[in-house]
Every structure is written in C-alpha cells, then in structure tokens.
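Q: Spelled out, the chains give:
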Amino acid sequence: MLKKIFLPAVLIFLAYAFWQSSDFTEIAAGIALFMFGMLCLEDGFKAFTGGTLEALLRASTDRLWKSLAFGMGSTTLMQSSSLVSLITVSFVSSQMITLAAGIGIIMGANIGTTTGAWLIAGLGLKVDIAAYAMPVLVFGMVFLMQKSKTHKGIGYLMLGFAFLFLGIHFMKEGFESFQQTFDLSEYGMTGFAGLIVFTLIGMAVTVIMQSSHATLLIIITALSTGQVSYENALALAIGANLGSTVTIVLGSIASNLGGKRLAASHVLFNVVTAAFAIVFIGQLAWSVDQLAHFLGIRQDDFLLKLALFHTLFNVIGVLLLMPFVPKLEAWLMTYIQFKPKGMEQPLYLVPQALETSATAVNAVKMEVRHLFDNAYGLLAHGLSLRRATIDSDESLSDAVKYTRRIFPIDVEDLYEAKIKSLHNEIVMFIADAQQRESTGTAPEQLYHLRQASRDIVESVKGMKHLHKNLAQYGLSNHLAVRERYDQIRIHLAEVLRELRQLLNGDVDDVNHLSLDALRVSSQKARKKLIDELDEMIRHRRISASIATSIMNDEAYVTDIVNNLIDALSILLNEPDQEAVDSLHLDEQELSELTGE
Amino acid sequence: MKASKLMERVKQYLDSDKQTQIDKIKSIRKVLKELKQKERSLTEKLEMEQDASTKASLQLKLDVIYAQRKKGVDRVQELKEQLKEQSN
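If you read the protein sequences in the order shown, they are chains A and B. With our numbering, you'll find the first sequence wraps up at 590, consecutive numbering, no jumps. With our numbering, you'll find the second sequence wraps up at 68, consecutive numbering, no jumps.
Hints listed in this document are in silico derivations from the structure and should not be mistaken for laboratory results. All of these numbers come straight from a predicted model, not from anything done at the bench. Take these hints with a grain of salt, some might be off.
[Stated by the list, open to error] Quick list of the computed label-pair ranges, beta carbon to beta carbon: (1) B:Gln1 to A:Gly499: 48 to 54 Å; (2) A:Gly371 to B:Met28: 41 to 47 Å; (3) B:Gln1 to A:Met422: 40 to 46 Å; (4) A:Leu473 to B:Glu61: 54 to 60 Å.
Using N, Cα and C, we set each Cβ at its ideal position, and we do this for glycine too.
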C-alpha cells in the first residue's frame, strides 16, 4: 500500500516544487543529470572490462600505496574528490578493481582534494569543470553512434563525465542564491560548542553545495574578510570533509553492492577522521603552527594555515586507517549485504532441507516447480495473455484474436527478478547438497533438476527476443502478418496450458508420455507456419524481411517449447520411469507422426 | 533402432535374470493399460467435439497414444520371446 502511494506522492511533490521554485528545478535537474552521468560511466567502464583499461587499473591499484597514489594524483588533476570517488564507485561496481583498491583510492582522493585548498588559498584558482561539459557531450555522442564496442564505451564514458559536470554545474547554479544567505560572521562561537556547531554548518553547506571545494572557497573567503575566526574555520573545514560523503552516497544509490560498500567505507573513513580532528583539535592546531613555522608560512597567514590544517588532518586520517584496510574490507563484505527489492526469494530452499539427501532433492524439485510457475506467468504475459486466461477453459484463439494491446512488460527486468535470481539460488543449493552427499542416487537427481532449472531459464530467454517483435508486429494492420503472429501466440499458449495441466494433474505414467504428443504438435505447428510463409513469399503477399522475422520468432517459440518440455520431462519423472521410457517415441517416430 | 541401442538392449537382457524380465513385462503392461484408458477417454471426447481445431488436436493425441501402445506391445512381445528362449 505504502509502495503504491510513494511514487505518486514523490511525483506530486516534485511537480509542486518545480512550480514554486525555479531554483529547485535547477537543483533537481542537476541531481538527475548527475545520477544519469553515473549510470553512463558504469556502462562505459563495463565496455572495457577484461581489456587494457582493466589491466592498467589493476596494475596501478594492486598495492595499497599505489591505490593511494592513484587517488591522490587523479584528484589533484581533476580537482574534484567527488568525481574521483564517483568514478571509483563505478570501477568497484563493475568489478574492475577490488573493494580494497577502491578504499585506497578514496583515501588518496581525500588527500588529493586538499590541494584544492592550497590552490584556492594560495593562487585563488579553480578549474571550471562545467566549461568542458558541452564539447565532451558532443564528442561522447559522436563516439556513441559508432558500431565498435570500444568506441561506444568511450562515448558512454564521455557522456558520463559530461553529465556529471553538468549536474554539478546545475546544482551549484541552483544554490547560488542560497549561498548568498549564509553570513557566517553572525554566528561566531568559541570553545567545544563552537567546534561542533561549525562542523555541522560546514557539513550542511557541503551537502547543499555538493562540493567540498565550494565550501572551502566560502570558508577561505570568509576567513580572509574576517567573517569567521581561524578556530571556526578549522571546524568548518572538518565539516566540509564530512559533507562530501553525501555526494558519494548519492552516487552509490544507482550502483550495485560493491559501490554501496565503497560508499560505506568512505563515510566511515571521513567520520573517523572528523572525530579524530574534533577530539584533538588543540594538538592539530599546535602542529599546524609548528609546521607553518617550518615551511616558512607567516603566523598571521591564516589562509595557508587553513590549507595546511586541511592537508594534515586528512593525512593523519589515512595513516590511522591504512593498517585496517584489509579488515575494513572483510567487515564491509560481511555486514553490508542486501536482498534487492522485487527479487524473487526461494520458497523451499531452507538450510534444514540439506539434512538428508531425500529432503534436499524434494526441496529442489519444489523450487524448480516454483521457478516453472514464475516462467509460466512471465511467458503468458509475454504473449499478452493473462495467466487466468490460460488457466481457464476459455478459447485461446478468441483471447488472441481479440487482443487490443501488447502488454508493456520489461522482460529483461522480470527475467532478472523472477527467474535468474531463483535459478542462482537453486544452483547454489544444489552445490551445497552435492558437497554433503556424493554417493547414491541423489547427486544424479540433483544434476537432472539443475538441468530442468536451466531449461526453464533458457525458455524465458527466448521470450526476450519474441516479445520485442510481438510489440512491433503482433498487432500489425497487415492481416497476413497479424494472422501468423496470432498463430505463434496461440500455439505457445496452448503448450503452456497443456504443460500446466500436466504439472498440476495427478502424476501418473501417462502424463509423462503425453509430452510426446506435445512434441509432435509443436513440430506440426512449426511445419504448417513455415509452409504458409513459403507460400506467401512465393505469391508476394508478404515481404521477405517480415517473413524472416516471423521465421526467427517461430524458432524462438520452438526453443521455448522444447526447453519447457525438457524441463517438465524431468519434473514429471517417476520411480517407474524405465517402463515409461521404453514407450516414448524416438526422433524418427515423432517425425513420422509429424509427416516430415 | 540404431545398432548400438539394440546391442545395449541385448546386453541388458543377457545381464538380467528371469524375474527382472517378468517385472519389466508387468510394468509395461500396467502403462499400456493406463494408455488404453486414456485412449478411450480421448475417443469419447473426440466424438462429442464440434470444433475442428480441437478435434485435430485430440486426433493427434490419439495417434501418438496409438504409436506408443504399438511400441509397448512390440516390446512386451519381444521380452516374452526372449523369456521363452531362455527357458528352452
């Protein structure tokens, strides 16, 4: 119920906010572009998996010091720790680098980002990344339009960067007016309370600005004009570091488990570093004074001293946590687990079922039936028919004939959520069961059941292609085309109905033998369709291109049907199978009945 | 039937004892009986059915059952003959 009202509520809120504030529209557009950029980057990096980039990345991140140097160097060059962190999330998400290497890069990026403070404080320079967005976007699109996988990958990467730049740009623009309202001099505070309050202010400003660089710019400007004290400025810098974690958390929303673990490590690292800096602020300030004296920085040059403080506490944070990186990685792997929403969970594969081989076999058999049930629903919807229609005695020809629309389902998504996830669980459970029981008939039965599970998965894969063409030609105005697709749909629907009845009916020997009739009817339907298509091509009633599309789809249907029959032949297997098997028709006998 | 399959059957036969042969015949006969029942029920349905496509589908099922029964009967015959030869 809550799920159903959540999306409309969010949409209504957004629409209202867009109507009320143009600034908000700009910020929201920035976040949308930013997240889209993240998705493009992930796609782009995936194109290079297994290639030279992976080798290069692995070589430059195979030791912790190398990862640190990589993070430091790239952040210094790009002048954005957020960007480096986000790219690292992409690397880890696409498994191009390990989580430990990712943590190393993030740590390095935290040191690299302090060069920004030096640049702002020392030179007052800052690279405007948004200026590069437009040409990168155009170049990216040109690359994306190429056929080569590598070019497409480069295109996605460029688009990803461009959208990230644009996103940050839009967010900054949107918050420009917000920035004006922050007059920090009014809130000057001293002591521990001042430290905490200004850390929180620094954090809040960075969260809103989505850039610790921008916050540092404000802090340095405020410090130079005397709006904030040196003491408060140090607290603000600590807060800026903490606030920057929100960017990577936002980026990890669109990423997978690896990305989420990396984001968690970033949050942990920054929180520990900030806690250390808050507790030892006095000692750190003293160290900064000593180092400043050693480096020849004037005692009253608070801008450079602030930059020095920023660098010092980040370096100390890295030194503190560096020895714990392997432990941190193991901890993240253990404790950050999640079951993606909407993913089908097994109903029968409980650990207790592994106790005996009989219970294990039975649990797997029930789970494969569950998988079959899911596949049945998906295939029915793929044919734009309701499950209830196929389950009933209703005329399938009428149901197909009176179809007004092709169901707009995402077969790929449903396959991942309802089929593949369950198949994975079945395979894992079987592996566990086989490890416990290596003798007797159970391993063989489990082997067959795994094959049945695989057959079901393969049948759904066929629907991915078929549904695409059904959406295009299924309700075609060209009568001959529509009739052929109707024929394909009716045939598959009939097979689904028969299989369902066989699976749900009383298990007897004749049920298993009925599968032969299904094989013959499938071959006959195939032969009839091909003969009709040949006839139509000869009489120019249909173009060769559409005819070949129909033939391809017919081949998908044949694969779907064969895989389902194979799966059922395992699921319907009974102890008295030998006698039944001796009565099954072989290939030649089936062909004779088909008339081939 | 392929030669290799035939050889396998012969080998199976030579390896099995007389009781196994009898059990095999019994279990095939049980399946044949069930097939016969199914055939009757389908024939009744076919006689009542008006729709041409459903009729064709029922006829196909009957054809398959007929072929399976014929195969079963042949197999029983074959086993019986082998049994006879064994006792002589």
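Q: Could you run down the list of hints and mark each one as holding or not?
A: Going through the hints against the structure:
| no. | hint | in the structure |
| --- | --- | --- |
| 1 | B:Gln1 to A:Gly499: 48 to 54 Å | violated, 32 Å |
| 2 | A:Gly371 to B:Met28: 41 to 47 Å | violated, 32 Å |
| 3 | B:Gln1 to A:Met422: 40 to 46 Å | holds, 43 Å |
| 4 | A:Leu473 to B:Glu61: 54 to 60 Å | holds, 58 Å |
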